[in-house]
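Each residue of the sequence shown is one higher than the one before, starting from 1 at the first, in this note's numbering.
Just so you know, not all the hints are guaranteed correct.
Each pair of labels, with its calculated beta carbon distance range [claimed, not checked]: (1) Ala302 with Pro85: 41 to 49 angstroms; (2) Ala166 with Arg216: 19 to 27 angstroms; (3) Glu73 with Thr328: 49 to 57 angstroms; (4) Ser136 with Ser337: 37 to 45 angstroms; (5) Tyr137 with Ile335: 35 to 43 angstroms.
Just so you know, the hints here were simulated from the structure itself, not pulled from any lab data. In this text, a Cβ means the ideal position worked out from N, Cα and C, and glycines have one as well.
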Amino acid sequence: MAVIFLSELAQKLFVWNTEELKTLSESSAIVRNEQSGEIMIKKRLDNINVEIMQKLCSIRHRNLAAVIKVTKENGSFYSYSEFVPGRSIQSYIDEGKIFSEEEALKIALQICDGLEKLHSNGIIHRDITAANIILSYDGNVKIIDYGIARTAKENASRDTYILGTAGYAAPEQFGFSQTDERTDIYAVGVLVNMLLTGKFPNEEMCSGRFKRIVKRCTSMDSSDRFSSVNELKSELSGPKVFLKNDDGFPGFRSQNLIIKILASLIYFIIIFIDCALVSSTYTGKGLFRAVLQCINLTVAFAVPFCLICNPYDLQGKIKHFSAMKDSTKIAIRVIFSIIFLLGGFFIMLSLF
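Please work from the sequences and hints to get the whole structure.
Okay, here's the thing in C-alpha cells:
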C-alpha cells in the first residue's frame, strides 16, 4: 500500500518553525516547536525508514515514544517524535546500578506491553537495548528509536539489511534467517539480564527467578524462544517466575535422588558433629559456654557455606556484591571463608 506523505501545500500550511535546543548526532536533535512550545526529537530518515515511520504516526501507547509526523524538507525526510523526559537504562547501568528482581519485572512487563502494540501492527523494533529504553521521571517505561524497525514479512527468507546492536541482536539479524517478533524477544531477554547483572548473558547469566526465562528468550534457535510477547508476558506475570529452579538449597537443586541422599547424609554428619561438640562443652564447662559454642559453630560453618554454596541466591540479592567482578567475588568468598573457619576453630578450642 502506497504511503501518502504531506503534500508541499499541506506542509506549508502546517509548517513547524522549530528551534534546535541540542544536537544529539549528525542526523538528530532536540527541537522546540516555536508555535506550541512542544519539545520533540527531530531525526533525518533514510529512505528505507520513511514508510515505517509514517505507519508509526498512527500508533499510540503509553510505553511507546510517539512519532508525531513525518515531513519532507529540502529533499530529505524527517520524523518528529515525542521527547521523553527521563534517563535511559544504559545510563543507570553505566553508573554500576544493579536493578532488583522486582524492578526488572516491572520494566520488562512495560516493555512487553509496548512491543505487543508494535507487533499487533505488524512492526518489529529490532533494536531493543538499554540505550533505547527510557525510564521517565514519572516512573513510566518508554521504548524509543525506531530507526531500524521494519514490517513483518511472512514469506521472506532473510532480511534485506543486516542491522542491530551488538550483544542485543539475535542471530537472525546477521542474515541467517528472517527477523520476526521473536527477534525482539531475544533482545528483551538480554536486557533483563543486563538489569539484573549489568552484563550480557554470555558474560554472566543472571541467577534466581529469571534465569530460566532469560535462557529461553536468548535461545540461538528462534523456534525455542517464546513464540510471542504475549506468551513471554504471561510467563513473567505468572507464579512460575517466583518459583526457584536450580538456585535452591545446595544438594537439593538437582532432581537426582542419589545426590539428594548424599547431601542429606552430609548435612546430618555436620549437625551431629556440632551437637557432639556442644554437648561436650556443656558437660565440661556448663550451659553458658555450651550456648556460646553453639553460636560459634553455627556462624563458623554458616558463613562459609553461604559464601561458597550461595543457597537461594543470597548473594544475588546484595546489590553491591552483584556488581563486582567475578575475580573479586571469588577472592571475597575465599578470604572470608578462611577467616570464619579459622576463627571458629580457635574459639571452639578456647571454649573447651
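Status of the hints after comparison with the structure:
no. : hint                                   : in the structure
1   : Ala302 with Pro85: 41 to 49 angstroms  : 47 angstroms, holds
2   : Ala166 with Arg216: 19 to 27 angstroms : 22 angstroms, holds
3   : Glu73 with Thr328: 49 to 57 angstroms  : 53 angstroms, holds
4   : Ser136 with Ser337: 37 to 45 angstroms : 44 angstroms, holds
5   : Tyr137 with Ile335: 35 to 43 angstroms : 42 angstroms, holds
Figure legend: structure checked against the earlier numbered hints; every hint is met.
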